[in-house]
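Could you build the full structure based on these sequences and the hints that come with them?
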Amino acid sequence: MNVSISPFEVAQEPEGLKNLRSKAWNVYTQAQFPDRASTLWRFSNPEAFWVIPENISSILEKGKIAYRLEAPNELRLSDLQEAVSNESVPVGALVGPEFGKFEALNLALWKKGAYLRVPEGVRLDQPVVLRKHISGEGLILDRSLIHVSKGASLTIVEVLEGELAGNGNGYLNAVEEVLIEEGAALTLVGIDLTQGKTRAFVTVRHSIGSNAELKWVLARFGEGSSKANLGARLAGRGAKSGIYGAVFGFGQGKSDIHTFHDHAVKRTFSNIDLRVVLQDQAHSAYTGLIRIDTDAGCSEAFQENRNLLLSGGVRAESIPELEILTDEVQCKHGVTVGPVEEEPLFYLMSRGVPREDAVRLLVVGFLEPVLGHIPGDFRKPLDGLVANLINPASEIESPL
Amino acid sequence: MENKNISPLLEVRDLHVEVEGKEVIKGIDLALYGGAKLALMGPNGSGKSSLSMALMGHPGYKVKSGSIILDGNDITGLSPDKRAKVGLFLAMQNPVSVPGVSVANFLRAIMKAKRGEEVPIREFREMLVKAMGLLEMERSFANRYVNDGFSGGEKKKLELLQMVLLNPKVAVVDEIDSGLDVDALKIVADGVNRITGENNAFLLITHYRRILDYIRPDGVVVLMEGRIVASGGPELINQIDRQGYDWLSAKTA
Ligand SMILES: Nc1ncnc2c1ncn2[C@@H]1O[C@H](COP(=O)(O)OP(=O)(O)OP(=O)(O)O)[C@@H](O)[C@H]1O
Ligand SMILES: [Mg+2]
Chain A
1 MNVSISPFEV AQEPEGLKNL RSKAWNVYTQ AQFPDRASTL WRFSNPEAFW VIPENISSIL
61 EKGKIAYRLE APNELRLSDL QEAVSNESVP VGALVGPEFG KFEALNLALW KKGAYLRVPE
121 GVRLDQPVVL RKHISGEGLI LDRSLIHVSK GASLTIVEVL EGELAGNGNG YLNAVEEVLI
181 EEGAALTLVG IDLTQGKTRA FVTVRHSIGS NAELKWVLAR FGEGSSKANL GARLAGRGAK
241 SGIYGAVFGF GQGKSDIHTF HDHAVKRTFS NIDLRVVLQD QAHSAYTGLI RIDTDAGCSE
301 AFQENRNLLL SGGVRAESIP ELEILTDEVQ CKHGVTVGPV EEEPLFYLMS RGVPREDAVR
361 LLVVGFLEPV LGHIPGDFRK PLDGLVANLI NPASEIESPL
Chain B
1 MENKNISPLL EVRDLHVEVE GKEVIKGIDL ALYGGAKLAL MGPNGSGKSS LSMALMGHPG
61 YKVKSGSIIL DGNDITGLSP DKRAKVGLFL AMQNPVSVPG VSVANFLRAI MKAKRGEEVP
121 IREFREMLVK AMGLLEMERS FANRYVNDGF SGGEKKKLEL LQMVLLNPKV AVVDEIDSGL
181 DVDALKIVAD GVNRITGENN AFLLITHYRR ILDYIRPDGV VVLMEGRIVA SGGPELINQI
241 DRQGYDWLSA KTA
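Going down the list, the protein sequences come from chains A and B. Under my numbering, the first residue of the first sequence is numbered 1, with each subsequent residue one higher. Under my numbering, the first residue of the second sequence is numbered 1, with each subsequent residue one higher.
If you are wondering where the hints come from, they were derived from the structure by calculation, not from laboratory data. Heads up, the beta-carbon is just placed ideally off N, CA and C, and yes, glycines get one too. Careful: at least some of the hints might be erroneous.
If you anchor each label on the Cβ, the simulated ranges turn out as follows [to be verified]:
hint, chain 1, residue 1, chain 2, residue 2, range
1, B, Glu126, A, Ala165, 45 to 53 angstroms
2, B, Glu225, A, Thr336, 31 to 39 angstroms
3, B, Asn44, A, Pro381, 44 to 52 angstroms
4, B, Gly60, A, Thr336, 15 to 23 angstroms
5, A, Asn391, B, Trp247, 54 to 62 angstroms
6, B, Val129, A, Gly376, 16 to 24 angstroms
7, A, Thr336, B, Val86, 53 to 61 angstroms
8, B, Asp190, A, Gln195, 25 to 33 angstroms
9, B, Gly232, A, Asn388, 52 to 60 angstroms
10, A, Glu321, B, Gly21, 36 to 44 angstroms
11, B, Lys22, A, Thr336, 24 to 32 angstroms
Quick look at which bits of chain A chain B covers, simulated, 3 or more residues with Cβ under 8 angstroms [as the list claims (entries may be wrong)]:
hint, segment
12, 342 to 354
13, 358 to 371
Right under this line is the structure:
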């Protein structure tokens, strides 16, 4: 076997991490490209995320990411790399070297990174804000690890800002691992405000302990392209996960989202509400997998994907997948795809609201059940943003 | 009360309307003058709602021929928002729900459209609180999604609330009384009466005499199978209440 060593090995890292990195580098450079027949890759070409190993070091230097935490004193953001050297931090526990070819690139070569540990029992009423700012061009490897200890409860708003120039084969490769321990409650709000044609490859995995709860709200408005693999493992009894996603794609924007709710034990609950608005020539693909393990009876899983088409040139695909290995579960999934509904539009217009404003109101209303989960300070600007992005002129032919 | 020297607020001339390729309004003429309260009655499926939808410009109700004149403007080809701008309002029989849009945001958009500019939030609140008080509606109502999960009576009240806020020249009110309890009926009738004046006109679609006891129309027209088969004074209401419509269909046959 040809075990090549990562070219960016950092000497002072613990042996464990060095081993992971070297395994990951091996996977990145040696593993086959993912099979495009698999649902996960049906709508994105893996070639797009491949950077020739020899070229990596030069393009890695050109992309920049900066992390900043706005939180009360009891919470501190650490550099993930430093943290790994000083304490035991489970990097790679959820997205390890074998996870996938491009996730392996991240694990092999990330530096810095964000580490947030929420101590046991800490309960915060005000949201804490983790800002990630990207700039430059080339390749950015963003790695974060959030560890919410037993009984803690808080809201983390993660805002991704900036722009990564789409020159050459650079892109943002982000991996986030989130551990939610027993009895903890995390509301994680991810707002992607990246500008321009930023390309992103994003993988997130949560592990949710017994009686712990994740509420995960995602908002992404852009003309960039992204492939996101978002998952949560319901690892302890009574674990709950709710994923609420709002996507607004415009221009040539492309969104390829895969969700995975993995029910590993009994009495676990999951819910997904993904709402997608498409305009111009934007394209959305969604594949959602619900897996209920043999021992995970008495569980419930719901999944719904709605797509609102504002222009004739857009495309929306949606494929639900169920892997149910036990009885006694409740599972439901649904998909809708269509333009703005005529009856509500007529209703608003009959009260004097001009067509364009009526459409804006209805699109914001369409996203409301998702955006409504976002704390007020962060939510308000999003409504305005959505309303501004809508170009009613691009709309599908309609009698009204 | 009709003054032939003054032009009507609403005039419908030989109107023919098709829905799903079927003619449902087969030549109707109507004139409503300022101050008028005209009751429009007729059996189920006779075309009352179709007429009202066509007046408002619903794309599913196609005007095949004839015209609709509102306060001197031919609105036959206008989009619904422009008709509203000219002063037409339709309180719908079955208003649709608009999930995700709160009553407050919805009403604010309506007021903005009426005024041509954003209504300052404080002024809007005062207006809303006053109008809701008038209709004895709970404040929390404003935070709910429009018509979403509303009871029949709540929907009717929201229709009326909009009418009060918009103060239209001509209001077509389609079965505002159905599904209302006695108290709500009085409130709704009060609301209608409050905004009637010499410069407004009402077309009240109903099946029941009861609301007409409160609103007191000055005339009645009866629609059957898309045609007006009878018109007269308020005494016609009592006759229909006692005898139904059969005697009228015998007359048209
Ligand atoms: N959207 C529609 N699609 C198909 N048919 C329709 C539609 N709207 C009305 N119709 C038909 O047109 C005719 C008239 O219906 P309309 O609703 O106008 O009656 P109405 O007088 O308002 O009755 P009701 O007293 O029951 O409210 C009926 O035959 C009805 O089925
Ligand atoms: Mg009707």
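Structure-based check of all given hints:
| no. | hint | in the structure |
| --- | --- | --- |
| 1 | B:Glu126 with A:Ala165: 45 to 53 angstroms | 50 angstroms, holds |
| 2 | B:Glu225 with A:Thr336: 31 to 39 angstroms | 38 angstroms, holds |
| 3 | B:Asn44 with A:Pro381: 44 to 52 angstroms | 50 angstroms, holds |
| 4 | B:Gly60 with A:Thr336: 15 to 23 angstroms | 21 angstroms, holds |
| 5 | A:Asn391 with B:Trp247: 54 to 62 angstroms | 58 angstroms, holds |
| 6 | B:Val129 with A:Gly376: 16 to 24 angstroms | 22 angstroms, holds |
| 7 | A:Thr336 with B:Val86: 53 to 61 angstroms | 36 angstroms, violated |
| 8 | B:Asp190 with A:Gln195: 25 to 33 angstroms | 55 angstroms, violated |
| 9 | B:Gly232 with A:Asn388: 52 to 60 angstroms | 56 angstroms, holds |
| 10 | A:Glu321 with B:Gly21: 36 to 44 angstroms | 42 angstroms, holds |
| 11 | B:Lys22 with A:Thr336: 24 to 32 angstroms | 29 angstroms, holds |
| 12 | 342 to 354 | holds (count 12) |
| 13 | 358 to 371 | holds (count 9) |
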